Amino acid sequence: MNGWLQITFYLLALLLLAWPLGLFMARVYQGERVWLVRWLRPLENGFYRLAGVNPEAEMGWRAYAAALLVFNGLGLLVVYLLQRLQGWLPLNPQGFTAVPTPLAFNTAVSFASNTNWQFYGGETTMSYFTQMVGLTVQNFLSAATGMAVLVALIRGLARQRVSAIGNFWVDLTHSVLYILLPLALLLALLLVSQGVVQTFLPPQTAVLLDPIFEGDEHITTQHIAVGPAASQIAIKQLGTNGGGFFNVNSAHPFENPTPLSNFLELLAILLIPAALCATFGEMVGDRRQGVALLAVMLIVFVGFLGTAVWAEQSGNPRLAALGIDQTASASQPGGNMEGKETRFGIANSALWATATTAASNGSVNSMHDSYTPLGGLAPLLLMQLGEVIFGGVGSGLYGLLAFAIVAVFVAGLMVGRTPEYLGKKIETFEMKMATLVILIPPLVVLLLTAVAVSLTAGQSGATNPGPHGFSQILYAFSSMGNNNGSAFAGINGSHPFYAYSGGLAMLLARYWLILPILAIAGSLAAKQKIPTGAGTLPTHTPLFVVWLIVIIIVVGALSFLPALALGPIVEQLSL
Amino acid sequence: MSKKSKPTPKKELYRRALRDAVIKLNPRHLLRNPVMFIVEISSILLTVLWLLAVVGRPLENDPPAFIGAIAAWLWFTVLFANFAEALAEGRGKAQADALRRTRTETPAKKLRQPVRTAVYDTIPSTDLRQGDVVLVEAGDVIPADGEIIEGIAAVDESAVTGESAPVVRESGGDRSAVTGGTRLISDWLLVQITSNPGEGFLDRMISLVEGAKRQKTPNEIALTILLAGFTIIFLVVTATLLPFSLYSAQAAGQGQAVTVTALVALLVCLIPTTIGGLLNAIGIAGMDRLIQRNVLAMSGRAVEAAGDVDVLLLDKTGTITLGNRQAVEFIPVNGTPPKQLAELTQLASLADETPEGRSIVALAEKKFGVQANGRAAAAEFIPFSAQTRMSGINLNGEAIRKGAPDTIAAYVQAQGHTIPGEMETAVAQIARTGGTPLAVAHNGRAIGVVHLKDVVKPGIRERFGQLRQMGIKTVMITGDNPLTAAAIAVEAGVDDFLAEATPEAKLKLIREQQSKGYLVAMTGDGTNDAPALAQADVAVAMNSGTQPAREAANMVDLDSDPTKLIEIVEIGKQLLMTRGSLTTFSIANDVAKYFAIIPAAFAATYPALTVLNFMQLATPQSAILSAVIFNALIIMALVPLALRGVPYRPVPAAQLLRDNLLIYGLGGLLVPFVGIKLIDLLLVTLGLV
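For the protein sequence lines, the chains are F and D, in the order given. Count the first sequence with the numbering used here and you get residues 1 to 575, in order. Count the second sequence with the numbering used here and you get residues 1 to 689, in order.
Keep in mind that the hints were calculated from the coordinates and are not lab data. Values in this document were obtained by computation on a predicted structure and should not be read as measured data. Every residue, glycine too, gets a C-beta built ideally from N, C-alpha and C. Hints are supplied without guarantee of correctness; some may be wrong.
[As the list claims (entries may be wrong)] Covered, in the sense of this in silico footprint (three residues per stretch, anywhere, with C-beta under 8 Å from a C-beta of chain D), are these stretches of chain F:
no., segment
1, 6 to 17
2, 406 to 417
3, 457 to 470
4, 527 to 538
[Unchecked claim] Quick list of in silico lysine-lysine cross-link-like pairs, DSS-like style, CA-CA up to 25 Å:
no., chain 1, residue 1, chain 2, residue 2
5, F, K529, D, K508
6, D, K216, F, K432
7, F, K529, D, K11
[Claimed, not checked] Not everything, but these chain D residues come out facing chain F in the computed CB check (under 8 Å):
no., residue
8, P218
9, F244
10, P337
11, P562
12, L661
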């Protein structure tokens, strides 16, 4: 009961913050001189002068895509080089040497593509310099890239008979300077107030009060990893990145120490993806359209959340068979507490698990591998739906818009008209591109999982036998193939196979979605807007919301049901 | 054509469709349809597996009979889809054959100079070229499409229109086009040929009704892309299931991996075969429905565009009103008794053969029972002339004149009389209500006014109401003055009107609407309509119209009925709705098929999964077979719907979507559960599994 109250409170707080933020973002992207913009305008113009960019010059979709690819490619290269060269670079108190090639490649792709999958342990692999200059910077830029693509698509819908969809550099700068940086700064300070560490000191050594023996060795001290964590964690949550400073991510007491820090980090996961719905409605000139999409996200989210909380709270039937009490009471949280932090309990762990996989965040505050099969199925399927339920900042909503285009197409035919979305005719080109967007993630996930289970290298990744091992592999590729980055803790990624195949999955899932989306943006921008009338299919009604949900669930379920049957479903049925 | 030509017997139609269904198994034909192509490949694969099993070298341990049964039903799936397409084509083919029979080579009298008296050479019609001038005399068949440059004649066009009543064709004006293959039954014509051999109207008609030149329409292509997308996903879903299941069997240390037969069955059940198999048939049937209503669409694109139309431009005369003004009231002035006014006006109109004149005679008879025929014997009729702009009668020294109020006023004043104020009031009153006042004078004295009124066609107002509900705006085009136009617009219930319309104004109106993003449809027949017809998105030319009008339009109505535009819009919408609804149905079906096949396919690896078999299908094999049989039979079951189209009702889009989602979405979800269970029960009862 308490858990549900907390969840309700969370959702209300989210909506109350997201809506005004979204409207603010709409004004920023439309180039209005709102308060923050007025103050920082000189700084912004300074950047453009430095980079030799003309902020007034708008781009067609091809130029926009080219700028984006070059920029992301450079970012990828920088992160790769920083990892390889960190031994010679400053701020490396632990004296880490170069990150191995496969791992460095995987991590570079991971952070450039806003996936932030972690095959590495942050505190045991990366220097402070690599974390700050490489990873944290990419946390901002990859998030801003997603937002820029979304804004370009929204412009495509809102404009008519033009070829330009905006200027990539301006959209990128606006996203970082006026939205991500201020929010991250605020959140970092709040997190520090809760005890999240932010320091350049090397790991601290503590003398154990109760020394232990490991074999013959008498252990009397413990090294406690610290570092500039708060600054990275803030943007990791806000930018749906998810790559933690420490290996165990937000389950670590220095990354997420208190219930309040947990609440703030949870809010930060969904804040911008939810707010972008409002931005969308505002920019296309019909807020109801934004509300409808937000409703789609919320309804699916709550459905999965309910399943996860219920499954986890119900506990493990095998334990119940042994006479172990798993009901919640004043003295214990009850349910399946394996892999969960006692300071968060069932509700906040399941809420995080659902939020982090609904949005393509991927940070964790509990170990999804230890969830009940059904409880683990919720995050798994949420990723497999294509990361469109909130999804990544920008990428979630543009993915959802691709689904909306397909939904509008089929529904539009059913009312006897060439389908239109927001007054734009959906024709062959848009269908081609939208189909690509919907097609690529499941193909990447299924094909790479199939390769993995067929190769010894891939099979070695599963640390559990039977269906659970299969779930682990499927989860890994579902996560990377949808740019989520959440990990089922069990997978063993030490083999270069996972580093390379995962890198490939992340690249395909990111850029082979961005390109078709920008192509749609360009094609829609050139079209004439058709006035709406009684013959037009309304896309803000509850009926359309339900229809869109059905399309998303059916495409996701039809693509993955057989695979899920061999993983979590059979696991659950065998309990 | 369709109305009169003898329909091909049903049995013959089916026989031909069956034969064509087998011919269409040619993979090169199926390549155009990715979904059915995959099914055919699957059928071949399973047939090979079955043959191997029969000769005792099985690749897997499914019983040969099971593999054979699945293979057979997959072949049926392809055949059923081909049959649907062949059946849809069949009707058009029969009509094309009938048309072709009228197209025997005819001799043409090619003139050396374009004058009636010039010498002509008799050559075969196939040697005629554009620009040649031929002489056609009574009894001749017009050798090719052309424009009349001289002459007037009655033409029997039943070969094209199916209407046996001859029509008059003459040079100049809006009835100057003739169609090759029609027959002259009187007089003679000089015809300038406008089309080369094989490119004439009849040739185009034949290829259109045959569907030979049918190209996929834009929406059809977009839908095919979506269906191909689904097909690729399901191809990968089933293909990856093999390694998944091998791994699972190995990891579980028990059971066997899924068989190829089960996977292929799953694949065919999942890919959207229902819509994929019926898509072509739906398109062909849509064109055919137009042909049934005697409308020829020059492209499928035009039919589809008809469903998208936002604005209908309708000519007032003939479409909205009955075509002519009718007398509705006599208003006497100067103290003339009403009956006398009626009598005198009737007398003056006896020789007036215009519809207005006849309506005056009828009204006088109806209202006052007057029949002045007898008195008119000795009368001298004064016909309407451009100089006097009046008509009337001189009888025993009495002069009765009728005409436009200003003309009569001038006439009356010239005779030394004055126009009473009450007449001016009456005239103004009539004009204000959109009517046409006709003043009447007797012996130089004004005696009254006749109220002539456009009579709106019965039921047209309701029709426009329906169109409004569908979100379509109607605009009335008329040459009347704005006042008259406004009154009729209100009475007919159109949304807008264009008064004093000129061809330029029409064109401008269309461009204006299009620049706002609206799709415009219109009808027309005259040469001066051609620019507007070319500009409109959906343009229907009357078959009675001129050649330029027919060239500019993208549809031709053989019945020359402008009201048909509304039906054309409905057919366009129906076409799209049928596609959308069957797509939804097809995809919704997959859910049940999953629940039938997944537990069955993996029962050997993970027995725990049998819990998902909540339909309680007898055995894994019966489950898979039932799903495949259902998948094939549903195509056959939906053939009539595909050919007839989803019923269309003029309601707003939101309501239409709700209804169709309930029927085809929810229905598509539930029907296969019932169907598969029933087939399973039947298989068990018959002892086949």
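Each hint, compared with the structure:
Taking a C-beta to C-beta cut-off of 8 Å, the segment 6 to 17 of chain F contributes 0 residues in contact with chain D, too few for the three needed, and the coverage statement is violated. Only residues whose C-beta sits within less than 8 Å of a C-beta in chain D count toward coverage, and the segment 406 to 417 of chain F has 10 of them, enough to reach three; the restraint holds. Evaluation of the coverage hint for the segment 457 to 470 of chain F: fulfilled, as 7 residues show C-beta separations to chain D shorter than 8 Å, against a requirement of three. For the segment 527 to 538 of chain F, the assignment as covered by chain D holds, since 10 residues bring a beta-carbon within under 8 Å of that chain's beta-carbons and 3 suffice.
Distance hint between K529 (chain F) and K508 (chain D) is fulfilled; the C-alpha atoms sit about 20 Å from each other, no more than 25 Å. Taking the CA atoms of K216 (chain D) and K432 (chain F), the gap is about 16 Å. The hint holds against a cut of 25 Å. About 50 Å separates the Cα atoms of K529 (chain F) and K11 (chain D), which puts this hinted pair outside 25 Å; it is violated. Annotation: P218 (chain D) was flagged as interfacial toward chain F, and the flag holds, the nearest CB pair being 6 Å apart, inside 8 Å.
A cut of 8 Å between beta carbons decides the hint on F244 (chain D): the least distance to chain F is about 5 Å, and the hint holds. For the restraint placing P337 (chain D) at the interface with chain F, the shortest Cβ-Cβ distance is roughly 53 Å, beyond the 8 Å limit, so the hint is violated. A distance limit of 8 Å between C-beta atoms decides the matter here; for P562 (chain D) the minimum to chain F is near 22 Å, and the interface restraint is violated. Using the Cβ-Cβ criterion of 8 Å, the hint placing L661 (chain D) at the interface with chain F is satisfied: the shortest such distance is roughly 7 Å.
Comparing the model with each numbered hint stated earlier shows that hints 1, 7, 10 and 11 do not hold.
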